[in-house]
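Number of protein chains: 2
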Amino acid sequence: MKGSEMDFAKRAHDHNYRMDPIVRSRLDSDAYKLFMGATIHEKHPMTQVVFQLTNRTKDVRLADHIHVDELREQLDHAQTLRYTPSEIIHLRGQSYYGHTGLFKDGYIDRVAASRLPDYEVSVNEETGQFDLRSGGAWMDAKEWEIHYLSIVNELYTRSQLRQLSRAQMDIMYARAKVRLYAKLERIVREAPELTISEFGTRRRHSFLWQRWVIETMKDVLGRQFVGTSNMLHAKELEVDVKGTIAHEMSMVYAALAAPDGPQAIRDSQYRMLQDVQSVLPEDLRIFLPDTFGTTQFLENAPTWLQWWKGFRPDSKESVEAAEEAIGFWRRMGQDPKKKLLILSDGLDVDLPGEPGNGADMIAIHKAIGGRTIDTYGWGTNASNGFRGTVPGRPDLMRPISIVAKAVEA
Amino acid sequence: MKGSEMDFAKRAHDHNYRMDPIVRSRLDSDAYKLFMGATIHEKHPMTQVVFQLTNRTKDVRLADHIHVDELREQLDHAQTLRYTPSEIIHLRGQSYYGHTGLFKDGYIDRVAASRLPDYEVSVNEETGQFDLRSGGAWMDAKEWEIHYLSIVNELYTRSQLRQLSRAQMDIMYARAKVRLYAKLERIVREAPELTISEFGTRRRHSFLWQRWVIETMKDVLGRQFVGTSNMLHAKELEVDVKGTIAHEMSMVYAALAAPDGPQAIRDSQYRMLQDVQSVLPEDLRIFLPDTFGTTQFLENAPTWLQWWKGFRPDSKESVEAAEEAIGFWRRMGQDPKKKLLILSDGLDVDLPGEPGNGADMIAIHKAIGGRTIDTYGWGTNASNGFRGTVPGRPDLMRPISIVAKAVEA
Numbered sequence: 555m556k557g558s559e560m561d562f563a564k565r566a567h568d569h570n571y572r573m574d575p576i577v578r579s580r581l582d583s584d585a586y587k588l589f590m591g592a593t594i595h596e597k598h599p600m601t602q603v604v605f606q607l608t609n610r611t612k613d614v615r616l617a618d619h620i621h622v623d624e625l626r627e628q629l630d631h632a633q634t635l636r637y638t639p640s641e642i643i644h645l646r647g648q649s650y651y652g653h654t655g656l657f658k659d660g661y662i663d664r665v666a667a668s669r670l671p672d673y674e675v676s677v678n679e680e681t682g683q684f685d686l687r688s689g690g691a692w693m694d695a696k697e698w699e700i701h702y703l704s705i706v707n708e709l710y711t712r713s714q715l716r717q718l719s720r721a722q723m724d725i726m727y728a729r730a731k732v733r734l735y736a737k738l739e740r741i742v743r744e745a746p747e748l749t750i751s752e753f754g755t756r757r758r759h760s761f762l763w764q765r766w767v768i769e770t771m772k773d774v775l776g777r778q779f780v781g782t783s784n785m786l787h788a789k790e791l792e793v794d795v796k797g798t799i800a801h802e803m804s805m806v807y808a809a810l811a812a813p814d815g816p817q818a819i820r821d822s823q824y825r826m827l828q829d830v831q832s833v834l835p836e837d838l839r840i841f842l843p844d845t846f847g848t849t850q851f852l853e854n855a856p857t858w859l860q861w862w863k864g865f866r867p868d869s870k871e872s873v874e875a876a877e878e879a880i881g882f883w884r885r886m887g888q889d890p891k892k893k894l895l896i897l898s899d900g901l902d903v904d905l906p907g908e909p910g911n912g913a914d915m916i917a918i919h920k921a922i923g924g925r926t927i928d929t930y931g932w933g934t935n936a937s938n939g940f941r942g943t944v945p946g947r948p949d950l951m952r953p954i955s956i957v958a959k960a961v962e963a
Numbered sequence: 555m556k557g558s559e560m561d562f563a564k565r566a567h568d569h570n571y572r573m574d575p576i577v578r579s580r581l582d583s584d585a586y587k588l589f590m591g592a593t594i595h596e597k598h599p600m601t602q603v604v605f606q607l608t609n610r611t612k613d614v615r616l617a618d619h620i621h622v623d624e625l626r627e628q629l630d631h632a633q634t635l636r637y638t639p640s641e642i643i644h645l646r647g648q649s650y651y652g653h654t655g656l657f658k659d660g661y662i663d664r665v666a667a668s669r670l671p672d673y674e675v676s677v678n679e680e681t682g683q684f685d686l687r688s689g690g691a692w693m694d695a696k697e698w699e700i701h702y703l704s705i706v707n708e709l710y711t712r713s714q715l716r717q718l719s720r721a722q723m724d725i726m727y728a729r730a731k732v733r734l735y736a737k738l739e740r741i742v743r744e745a746p747e748l749t750i751s752e753f754g755t756r757r758r759h760s761f762l763w764q765r766w767v768i769e770t771m772k773d774v775l776g777r778q779f780v781g782t783s784n785m786l787h788a789k790e791l792e793v794d795v796k797g798t799i800a801h802e803m804s805m806v807y808a809a810l811a812a813p814d815g816p817q818a819i820r821d822s823q824y825r826m827l828q829d830v831q832s833v834l835p836e837d838l839r840i841f842l843p844d845t846f847g848t849t850q851f852l853e854n855a856p857t858w859l860q861w862w863k864g865f866r867p868d869s870k871e872s873v874e875a876a877e878e879a880i881g882f883w884r885r886m887g888q889d890p891k892k893k894l895l896i897l898s899d900g901l902d903v904d905l906p907g908e909p910g911n912g913a914d915m916i917a918i919h920k921a922i923g924g925r926t927i928d929t930y931g932w933g934t935n936a937s938n939g940f941r942g943t944v945p946g947r948p949d950l951m952r953p954i955s956i957v958a959k960a961v962e963a
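In the order they appear, the protein sequences are chains F and Y. Just so you know, we're using the working numbering here: the first sequence kicks off at 555 and counts up by one. Just so you know, we're using the working numbering here: the second sequence kicks off at 555 and counts up by one.
Hints were generated in silico from the structure; no laboratory data involved. Worth double-checking, as some hints may not be accurate.
Repeated chains share a single entry, so a pair holds when one copy, or any two copies, can fit it.
Claimed, not checked - Calculated cross-link-like contacts (lysine to any residue; reagent style SDA-like; alpha-carbon spacing at most 20 angstroms):
#, residue 1, residue 2
1, Lys772, Ala721
2, Lys959, Ala812
3, Lys597, Tyr824
4, Lys891, Ala667
5, Lys772, Ala808
6, Lys658, Val742
7, Lys870, Ala736
8, Lys789, Gly815
9, Lys772, Arg720
10, Lys891, Arg664
11, Lys772, Glu627
12, Lys658, Gly887
13, Lys597, Ser719
14, Lys772, Val622
15, Lys772, Val961
16, Lys597, Glu792
17, Lys891, Glu624
18, Lys892, Gly924
19, Lys892, Gln831
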């Protein structure tokens, strides 16, 4: 059933009387895991890592909202999932940024064989948070990240929905739809050349809501909508899949270099990019400059980095990050107009009568003003844009900021 | 299935491949037909009348939107309907304005035996309108009025929906929900003593939408929501049924008096009320003053009319009508604070950022300021409040003004 045909409120209601699996396919994850995996498989096939969940929204005591058994039930279900033969065929046959045959057979075979390693979960009674972690081969353990996030987010969503009447839910979904639509219409009207991808898997309200968001973006934005990071939605909704590499790569490389001292750690970020460069074609060579601070990263950047296709700042105000990227390319003698800048940090679209969040995509796009090829990854505020939509309960449906990071390697 | 559990857009989509009956029960009509019927049965059991459809929105050529066969199919289906035994039990057992046993057994037996008389329909090629009419015993023929209106309105709705994409429909319904909800919230916030009934059957977008509207009014307005005119929704949603008498009564009485000249016509409006008074208890004695103009009606009103419980102006600006009602009661030595004023003419609730229609219930209520017991019947703008909700198609979903009147008696 297509997302847009769902009655979200009814569906949410149904959650309250039976197990409704949140993750139903290994493809329900972000493509950057697949892209990073190619390098990991080639360069670090035996590296062991531990991923751990952290809730940065400390005032939300997750264990007060989600029963640990409910969490276990979902994690156990996810752990039963394998890539199906047709999913593997899809990964192999799919084109990524126009490239087919991107991955070597050995890598795809390894993906097909992967399983989610065992996890440990307990409740920290003092903080009210879950201690949730999973260790194993980097290739396998990294897959938990997105599933941890989508499971915990959707269980949290359900816990909030249980506090709502049927009518409150109904209006909540109607308001969220109207709001998203108004934002998309504003983009089409005011910035008809701005291109957007959907990056919301990790913070989504629910699987089905994300699906509706993607369908609606596709419908309203037309050619301005260039893809989603979610491999399952991309496959089922016939849209391009998008992704780069993530902080995870630099962090694990740094952890592995740590025994060799500070200089080795600093060098590790470039060695990681060198490894990626030897595995991924140019169109997928997008670097994140800011795992340990953008300024030091760019100052010490090796010459060859100028040839990379693009730059994805992820922890800095977007216009400031854009200026840094443009400055870097100019210093290197590159034409920024031929380079790609992917912005995705807390973006939104302001609407009249609603408080903006200071990261209006349209304003950022206008500030960049064509000096480079800017494109936008829209996350939480699309896939979880419910703040203030519940009649009489402005406290509900605030997205929480959870992450799952490699904490040991 | 409850209305609020419907996915309206999906449902609308489904209409395009099979016959989906619009009228599914004889109870899906307005209660004033039942109340008027008591007098008609007693005083005019043999009177023959003809009801005819008129579309006052002449620039909408209905026959260009609705195929006459589609119309026939729905009318034929409606004609097959009889009150079911349990519906008759319901009519008999139901309390109306706190009264049980309101109707004599003979009357309910006559209702149970009623069937919709044959109709004639053709297309006027010049005007693009349907010539749709039905003649028979007043008791039976009058029942077509509401069914004509709900069938033609919903077929028109469907013709508009066929022009929409799935996403346009989805947003249209979301916007209409958000808008209605905002109006209800404004009532609760700004006029917590204002009472409202739902009167939208005759102009509704669709049966299911009306149902959603009633459920939502019940949920948001709580005790401020006092009922609906629709007998089926009232029964299924456990709300009170509301109704008075309509212009129809005065018009048929006037037509019957016409052969006796102008004075007989003028007198007929009071004779009609006298007949009603002999059949209905005080709580249902609400007069419409304006079939042939309020001023002449009140000037010549018989003394006993002062004892009637209330007054329902229906073709005059509401505050002006309220002043006339209050003036009438004062002249008669009655305390207007003990009288009921039912307002229902094109009412709406203004919202910030939307053009008002000049009939804001809250403003009217404040202007009346407690000088009489005012209560509000909300029709078209609740049950068909879709104007401007379709993305990119502001021309669609304007409600049309159709009526079905007794044209011969």
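Verification of the supplied hints:
1. Proximity of Lys772 to Ala721 under the C-alpha cut-off of 20 angstroms is restricted to the inter-copy arrangement: shortest distance 10 angstroms between copies versus 29 angstroms within a copy.
2. In this assembly of identical chains, Lys959 and Ala812 lie within 20 angstroms of each other by CA distance solely inside one copy; the values are 17 angstroms within and 88 angstroms between copies.
3. For the identical chains of this complex, Lys597 and Tyr824 are intra-copy neighbours only, at 14 angstroms inside a copy versus 97 angstroms across copies, given an alpha-carbon limit of 20 angstroms.
4. Taking identical chains as interchangeable, the C-alpha atoms of Lys891 and Ala667 are never at most 20 angstroms apart, the minima being 42 angstroms within one chain and 81 angstroms between chains.
5. Within a single copy, Lys772 and Ala808 get their C-alpha atoms no closer than 39 angstroms, and across copies no closer than 60 angstroms, so neither meets the 20 angstroms cut-off.
6. In this assembly of identical chains, Lys658 and Val742 lie within 20 angstroms of each other by CA distance neither inside one copy nor across copies; the values are 39 angstroms within and 64 angstroms between.
7. In this homomeric assembly, Lys870 and Ala736 never come within 20 angstroms of each other (Cα to Cα): the closest approach is 27 angstroms inside a single copy and 37 angstroms across copies.
8. Taking the shortest alpha-carbon separations for Lys789 and Gly815, neither the intra-copy value of 44 angstroms nor the inter-copy value of 78 angstroms comes in at or below 20 angstroms.
9. Only between protomers do Lys772 and Arg720 lie at most 20 angstroms apart by alpha-carbon distance; the minimum there is 12 angstroms, versus 29 angstroms within a single protomer.
10. Proximity of Lys891 to Arg664 under the C-alpha cut-off of 20 angstroms is found in neither arrangement, the shortest distances being 38 angstroms within a copy and 83 angstroms between copies.
11. Proximity of Lys772 to Glu627 under the C-alpha cut-off of 20 angstroms is found in neither arrangement, the shortest distances being 34 angstroms within a copy and 38 angstroms between copies.
12. For the identical chains of this complex, Lys658 and Gly887 are neighbours neither inside a copy (34 angstroms) nor across copies (96 angstroms), given an alpha-carbon limit of 20 angstroms.
13. In this assembly of identical chains, Lys597 and Ser719 lie within 20 angstroms of each other by CA distance neither inside one copy nor across copies; the values are 52 angstroms within and 49 angstroms between.
14. In this homomeric assembly, Lys772 and Val622 never come within 20 angstroms of each other (Cα to Cα): the closest approach is 37 angstroms inside a single copy and 37 angstroms across copies.
15. For the identical chains of this complex, Lys772 and Val961 are neighbours neither inside a copy (37 angstroms) nor across copies (52 angstroms), given an alpha-carbon limit of 20 angstroms.
16. In the homo-oligomer, the alpha carbons of Lys597 and Glu792 never lie at most 20 angstroms apart, since the shortest distance is 32 angstroms inside one protomer and 68 angstroms across protomers.
17. Taking the shortest Cα distances, Lys891 and Glu624 never come within 20 angstroms of each other, neither inside one copy (50 angstroms) nor across copies (59 angstroms).
18. In this assembly of identical chains, Lys892 and Gly924 lie within 20 angstroms of each other by CA distance solely inside one copy; the values are 10 angstroms within and 71 angstroms between copies.
19. Taking the shortest Cα distances, Lys892 and Gln831 sit within 20 angstroms of each other inside one copy (19 angstroms), while across copies they are farther apart (86 angstroms).
Violation of the numbered hints given earlier is confined to hints 4, 5, 6, 7, 8, 10, 11, 12, 13, 14, 15, 16, 17; the remaining hints are satisfied by the structure.
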